[in-house]
Amino acid sequence: MAQMTMIQAITDALRVELRNDPNVLVFGEDVGVNGGVFRATEGLQAEFGEERVFDTPLAESGIGGLAIGLGLQGYRPVMEIQFFGFVYEVMDAVAGQMARMRYRSGGTYTSPVTIRSPFGGGVHTPEMHADSLEGLVAQQPGLKVVIPSTPYDAKGLLISAIRDNDPVVYLEHMKLYRSFRQEVPEEEYTIPLGVADVKREGTDLSIITYGAMVHESLKAAEELEKEGHSVEVIDLRTIMPFDIDTIIASIEKTGRAMVVQEAQKQAGIAAQIVAEINDRAILNLEAPVLRVAAPDTVYPFSQAETVWLPNYKDVIETAKKVLTF
Amino acid sequence: MASKTKNTMADSVKQLEQIQDGFETLQILNEEGEVVNKAAMPDLADEQLQELMKRMVYTRILDQRSISLNRQGRLGFYAPTAGQEASQLASQFALEKEDFILPGYRDVPQMIWHGLPLYQAFLFSRGHFHGNQIPEGVNVISPQIIIGAQYIQAAGVALGMKKRGAQSVAITYTGDGGASQGDFYEGINFAGAYKAPAIFIVQNNRFAISTPVEKQSAAKTIAQKAVAAGIPGVQVDGMDPLAVYVAVREARERAVNGEGPTLIETLTYRYGPHTMAGDDPTRYRTADLDNEWEKKDPLVRFRKFLESKGIWNEEMENEVIEKAKDDIKDAIKKADEQPKQKVTDLMSNMYEEMPNHLQEQYEIYTEKESK
Numbered sequence: 002m003a004q005m006t007m008i009q010a011i012t013d014a015l016r017v018e019l020r021n022d023p024n025v026l027v028f029g030e031d032v033g034v035n036g037g038v039f040r041a042t043e044g045l046q047a048e049f050g051e052e053r054v055f056d057t058p059l060a061e062s063g064i065g066g067l068a069i070g071l072g073l074q075g076y077r078p079v080m081e082i083q084f085f086g087f088v089y090e091v092m093d094a095v096a097g098q099m100a101r102m103r104y105r106s107g108g109t110y111t112s113p114v115t116i117r118s119p120f121g122g123g124v125h126t127p128e129m130h131a132d133s134l135e136g137l138v139a140q141q142p143g144l145k146v147v148i149p150s151t152p153y154d155a156k157g158l159l160i161s162a163i164r165d166n167d168p169v170v171y172l173e174h175m176k177l178y179r180s181f182r183q184e185v186p187e188e189e190y191t192i193p194l195g196v197a198d199v200k201r202e203g204t205d206l207s208i209i210t211y212g213a214m215v216h217e218s219l220k221a222a223e224e225l226e227k228e229g230h231s232v233e234v235i236d237l238r239t240i241m242p243f244d245i246d247t248i249i250a251s252i253e254k255t256g257r258a259m260v261v262q263e264a265q266k267q268a269g270i271a272a273q274i275v276a277e278i279n280d281r282a283i284l285n286l287e288a289p290v291l292r293v294a295a296p297d298t299v300y301p302f303s304q305a306e307t308v309w310l311p312n313y314k315d316v317i318e319t320a321k322k323v324l325t326f
Numbered sequence: 005m006a007s008k009t010k011n012t013m014a015d016s017v018k019q020l021e022q023i024q025d026g027f028e029t030l031q032i033l034n035e036e037g038e039v040v041n042k043a044a045m046p047d048l049a050d051e052q053l054q055e056l057m058k059r060m061v062y063t064r065i066l067d068q069r070s071i072s073l074n075r076q077g078r079l080g081f082y083a084p085t086a087g088q089e090a091s092q093l094a095s096q097f098a099l100e101k102e103d104f105i106l107p108g109y110r111d112v113p114q115m116i117w118h119g120l121p122l123y124q125a126f127l128f129s130r131g132h133f134h135g136n137q138i139p140e141g142v143n144v145i146s147p148q149i150i151i152g153a154q155y156i157q158a159a160g161v162a163l164g165m166k167k168r169g170a171q172s173v174a175i176t177y178t179g180d181g182g183a184s185q186g187d188f189y190e191g192i193n194f195a196g197a198y199k200a201p202a203i204f205i206v207q208n209n210r211f212a213i214s215t216p217v218e219k220q221s222a223a224k225t226i227a228q229k230a231v232a233a234g235i236p237g238v239q240v241d242g243m244d245p246l247a248v249y250v251a252v253r254e255a256r257e258r259a260v261n262g263e264g265p266t267l268i269e270t271l272t273y274r275y276g277p278h279t280m281a282g283d284d285p286t287r288y289r290t291a292d293l294d295n296e297w298e299k300k301d302p303l304v305r306f307r308k309f310l311e312s313k314g315i316w317n318e319e320m321e322n323e324v325i326e327k328a329k330d331d332i333k334d335a336i337k338k339a340d341e342q343p344k345q346k347v348t349d350l351m352s353n354m355y356e357e358m359p360n361h362l363q364e365q366y367e368i369y370t371e372k373e374s375k
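If you read the protein sequences in the order shown, they are chains D and A. Per the working numbering, residue 2 is the first one in the first sequence, and the count goes up by one each step. Per the working numbering, residue 5 is the first one in the second sequence, and the count goes up by one each step.
It should be emphasised that the hints constitute simulated quantities derived from the structure, not laboratory data. Keep in mind the model is a prediction, meaning the values are calculated, not measured. Incorrect hints may appear among the rest.
Said to hold, decoys possible - To spell it out: a stretch of chain A is covered by chain D in this simulated footprint if at least three of its residues, at any positions, have a beta carbon under 8 angstroms from a beta carbon of chain D; those stretches are:
#1 135–141
#2 160–173
#3 355–361
Every residue, glycine too, gets a C-beta built ideally from N, C-alpha and C.
The following block holds chain D by itself, in its conformation from the complex (with noise of 0.2 angstroms):
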């Protein structure tokens, strides 16, 4: 075991596919020499060489297609867009390719790609990086969406991602590559995808959540806790498709439930999960299932981060309101 941050936690996944599989292939802007923006691919193509880790022009919608040929020819590609509000550039590649590859072909071609790209606020990012995007991807069928928030999970979410045989976008949380250790395994292992963690257990109120807005949960609910509240916390971990059973064993047991999410309140997927909550559970519920999300604006400038972002405050005022109802 050693003391990983995220970021390291990642670096390791990629090192362990590409040592597990020649077909393993990863590049992006910047991934080689440079190591990447954010040091994620740091020493890779040192150890693995050009061939394997390679620099891209700058052109997503390239980068997208590449991943879609060298797929076509068998690799298995972990491509990088630098940050996920330059999705909108590669769009038609992941949204209207990639993802579309084994349905429009009748299951002959497949499109084992792994999409890798930061996102998410509280770091004082330029226009368009910190954007929480999820809820477009989630909303393509034929993708799968993962956000991890721990470096354990990120390190067993990104192999599995990495060895999945259908497209999935693996989202990385700035604020959370470097915020905190801690303990991961340095053999490889896997989180199976679609499956919740359960990261806090508790009897009064389910939150369901993902991304930064685990830790601001967690804190809430050491808050809560204070106040005599037993908040269980559910980190989704994959976004699409999201592990129902859990949240739903989870609200039989405490009857009350709320989704908090980083985006805004019309994106995201809390609104999705509210509903899917509403159709099995209903029976279960002592109050409805209300969300913490940001406002419905445009992503704040950076100075206005610390009061557009949801944190744990709003979490414990939300959390009341359900409490209480």
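Given chain D, work out where chain A should sit, using these hints.
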């Protein structure tokens, strides 16, 4: 680099003119079927020349029958190909089996001659997934509807071949309108940067639906767009099967020798509408223009050329026509016999392993389908 002192603007204009004038049209056969460029003649045996003519005649019949089957409602989406036989089939004729084709929506004939069964091409037209289930060993992917997407994907396929050390190429096709897309430029630029074995063909039939090529770009040729990627660009007479064949064959040789991609512009024309979905070319094309291009018909000039060599006659041509009609009849019958698609089929083709939400829906539809 030499520094400029004065008349910078004038120099730039001159430079542009020099570049534009550098792209001459490669032609081997003129409209009369006469060889006008002996030096460029491809080394093709009589049997090969006959085979190419057979494919072109067959495909012209396929176009005529497809239009009529579409009108009867027995085919769905169809983009007419008449006029583009040299551009489509002579380019495919220059390929090897291991080469991978990424076609646009008008490029079904290349797929068929690369090994896609005709009845599956008809199922593609109708909208049935089996039409896209490409047989093992046939290196094509189903026609791309998003104009330009096939170009960036071709760069990836070609890079994959290069990494494997394969002696093969990726070839892809778009139209004159397609050359305005960002993916067109990114595709050729990526392939250039990686020196990947790709052949990019632009079939310039002068119209993108109703928009003439002059409204796509101020560039005098599309071939010169290769300059932006730093790769060779060639403009050929796309109504001349021998010129198309030579250009593709040479691009293929360069590619498999590790010298990178080539952009080939074929000057061609579609005699029919853009698609069979209600397009009416008389709204945007003059009869004079149609007549002018009908004189350039690739079948007419190639027929004359082969007849002058004494290796083609009416009887041979009629044999091909009858064969085509028989094959088409059989293929439509086989397409008719294909089982109807069920929602559960569509669900099964989404992922290798069905996620829970889809599994739930699968069970609901299995129940519905059992009633």
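Evaluation of the provided hints:
1. Here the stretch 135–141 of chain A counts 3 residues with a CB under 8 angstroms from a CB of chain D, which clears the bar of 3, and the coverage holds.
2. Against chain D, the stretch 160–173 of chain A contributes 8 residues with a C-beta closer than 8 angstroms to a partner C-beta. That satisfies the three-residue criterion, and the hint holds.
3. Requiring three or more residues with a Cβ within less than 8 angstroms of a Cβ of chain D, the coverage given for the stretch 355–361 of chain A holds, as 5 such residues are present.
Comparing the model with each numbered hint stated earlier shows that all of them hold.
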